[in-house]
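Asks: Could you build all of it, start to finish, from the sequences and the hints given here?
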Amino acid sequence: WNRYDQAFNHVRDNLAEGDRVMSMHPPASWLYLDQSDYYLVQSSPKLIVRPDGEVGDRYTGAIWLDTAEAFNQVLTGDHRIWLVTQEFWLFNSYDGYLQQQILEQMDKQWGEGGVWALSTRPGHWPLAREAEVMLNAEFDGGARLRGYTVNPSQPAPGGVMYLTLFWQGNLPFGAKVLVHLRDANNNTVAQADHFIYDNKVPSSRWGDLLKNDEVVRDGAALALPPDLQPGRYRLLVGFYHPETFARLGVIDDQSGESAVILGEWVVE
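In our numbering, the protein residues as written are 35 to 302.
All the pointers check out, no bait thrown in.
Calculated pairs, DMTMM-like style, for lysine to aspartate or glutamate (alpha carbon to alpha carbon, straight line, at most 25 Å):
no., residue 1, residue 2
1, K210, E138
2, K245, D129
3, K210, E166
4, K234, E138
5, K245, E121
6, K210, D174
7, K210, D287
8, K234, D247
9, K245, E103
10, K234, D53
11, K210, D242
12, K234, E121
13, K142, E121
14, K234, D39
15, K245, E138
16, K142, E277
17, K234, D141
18, K142, D129
19, K210, E298
20, K210, D247
21, K142, D232
22, K234, D129
23, K210, D141
24, K234, E103
25, K142, D242
26, K80, E103
27, K80, D68
28, K210, E291
29, K234, D100
30, K210, E172
31, K210, E277
32, K245, E146
It is worth saying that the hints were derived from the structure and are not from the lab.
These numbers were taken from a predicted model, which means no experiment stands behind them.
Replies: This is how it looks when you write it as structure tokens:
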């Protein structure tokens with residue numbers, strides 16, 4: 035059976051004052067924690083209208099959330115949020131956009147007995163729903179980069195570029211994503227290399243992440259140096275093996291180094 039008891043015991047042992055608890059199984063949250071704040075489910079919810087007019091879980095009154103936007107709104111508060119969910123349903127119940135927000139904005143703290151406990155990660159931010167710039171870049175093996183969104187659109191010294199990449203196809207499990215900002219002399223002035231979802235998705239669930247040719251949103255926060263000089267800069271993205279640093283090839287590569295050039299920005 036699914037060990038909700040173990041996951042909620044971990045949450046209980048690490049719960050701080052002001053923390054909020056979200057679950058797809060509020061009765062278990064109430065049983066083990068005597069606390070159930072949010073009910074995150076999209077399929078066949080069991081609901082009741084609360085005295086304050088909000089719609090909530092039928093048994094505990096936990097506020098019902100059923101969209102990525104509602105989930106993101108909860109995460110904008112000052113409280114740390116815990117989410118306890120079955121591993122199977124995390125990858126087979128939520129729609130792709132909500133699932134990806136969970137994986138991007140939360141750290142996995144517990145993952146035994148078929149149940150995960152996650153908590154909001156420091157500095158978390160929401161992935162964009164739609165790509166503002168469309169691409170059609172393809173890598174060896176079938177991974178495709180379909181587009182990206184960057185915010186803010188104009189980089190500034192000491193700022194942060196929040197980049198959402200839109201992937202599709204056969205993404206290589208265990209590969210690292212390269213994100214480099216290059217100056218006019220091709221020097222790397224900032225980088226945000228990372229594993230997709232911090233490598234928290236096990237190999238047994240990687241196929242669930244990619245099923246039905248799902249668009250996979252992946253985030254990178256590129257911290258710019260405070261002494262970034264005026265000039266033209268390019269942003270390059272690719273894949274490489276974390277042990278050998280060998281790059282995954284790009285079909286019709288225009289960069290000369292097995293990477294995709296996203297675009298050019300001017301810092302004034």
